[in-house]
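**Student:** Residues per chain, in single letters:
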Amino acid sequence: MPLWTLRGLRRGVVTTRYPAKPDPSAQLLPTPPAFRPDVLTRSLADRLVAVCPSRALTRDGDALVFDVGACTACGRCRAEAPEATAASGEFELAATAREHLIKRIPLGGRPA
Amino acid sequence: MTSQDGTRPAVQETSEELRRTVTRMFGRSLHIRTLDTGSCASCEQEIRLLAAPHYDLHRLGFFFTPAPRHADLLMVTGPMVRAFETAAHKTYDAMPDPKVVVATGACALGGVYQPDPFTHGGVGSTFPVDVWIPGCPPSPLALLQGLLVAVGRLAEKVKDLDFALNGTPR
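Heads up: the protein sequence lines correspond to chains A and B, in order. Numbers 58 to 169, taken from the working numbering, label the letters of the first sequence in order. Numbers 220 to 389, taken from the working numbering, label the letters of the second sequence in order.
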């Protein structure tokens with residue numbers, strides 16, 4: 058038996074078990090943000106819209122419209138408002154329709 | 220009796236049956252042709268990683284093919300620059316039916332570039348897209364999930380996410 062077979066058996070299998078089991082490396086991936094509706098105000102939403110480089114964020118009245126498909130997970134909105142945003146941790150984002158990726162986040166925060 | 224979109228239930232049922240048959244056929248043997256319509260090549264970098272030992276997409280029955288004539292699935296990256304449109308249509312037309320189109324990455328989904336004289340700003344206006352994979356670039360795991368969604372082996376997850384947090388962010 059070639060030596061590399063024994064070496065392979067000793068070191069274990071490197072291939073991920075995804076999708077049968079979650080892959081631990083998925084936690085290291087940059088992921089699109091999630092927003093806190095109870096903190097978001099119109100002015101904060103406008104600041105986030107201004108800071109987004111890929112036009113993933115727009116404001117429609119009292120809702121922040123987040124286009125997950127346009128998001129590049131750059132983290133600028135998280136740097137702008139860490140109190141209202143966090144990484145969603147979601148990487149399984151494939152959609153069968155483009156409109157499934159457009160999310161409306163209500164603005165529930167009281168203006169300062 | 221007709222439904223909202225004007226097709227009869229029998230026709231809908233037949234088309235749904237056909238769709239199920241096709242995805243079942245593709246489920247364990249799917250050949251992928253990648254198409255770069257002006258991307259920055261990070262998406263290609265991640266797509267190439269799918270064949271690396273860690274992800275090993277061949278274990279799932281997915282294969283890359285250099286010829287569109289042998290391909291079942293077209294994986295399109297980039298914002299579809301207008302100079303590439305003819306070649307893109309030729310690639311799509313050369314593929315045998317039934318075919319699946321997967322838009323890959325934020326450019327292809329219309330996030331990064333606006334439509335202008337040089338680019339369409341996304342592939343949605345050029346091809347009938349079946350699955351959209353967000354990300355800049357989408358990680359190989361995200362691509363795997365997208366491919367498995369395209370052949371019906373995984374359910375779409377993002378439809379039910381609201382991207383709203385309830386508590387204080389970490």
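Treat the hints as calculated values from the structure; they're not laboratory data. Accuracy of the hints is not assured; some may be wrong.
[What the hints assert, rightly or not] Quick list of in silico lysine-lysine cross-link-like pairs, DSS-like style, CA-CA up to 27 Å:
#1 A/K160 - B/K376
#2 B/K309 - A/K78
#3 B/K309 - B/K376
#4 B/K309 - A/K160
#5 B/K378 - A/K78
#6 B/K309 - B/K378
[Unchecked claim] On the chain A side, residues computed to face chain B include the following (Cβ under 10 Å):
#7 P59
#8 D117
#9 A151
#10 R155
[Unchecked claim] A short list of chain A residues far from chain B (calculated; beta carbon distances all over 12 Å):
#11 R93
#12 R112
#13 L150
Beta carbons are placed, not taken as given, at the ideal position from N, Cα and C, and that holds for glycine.
**Student:** Hint by hint, which ones does the structure fall short of?
**Tutor:** 2, 3, 4, 6, 7, 8, 11, 12 and 13
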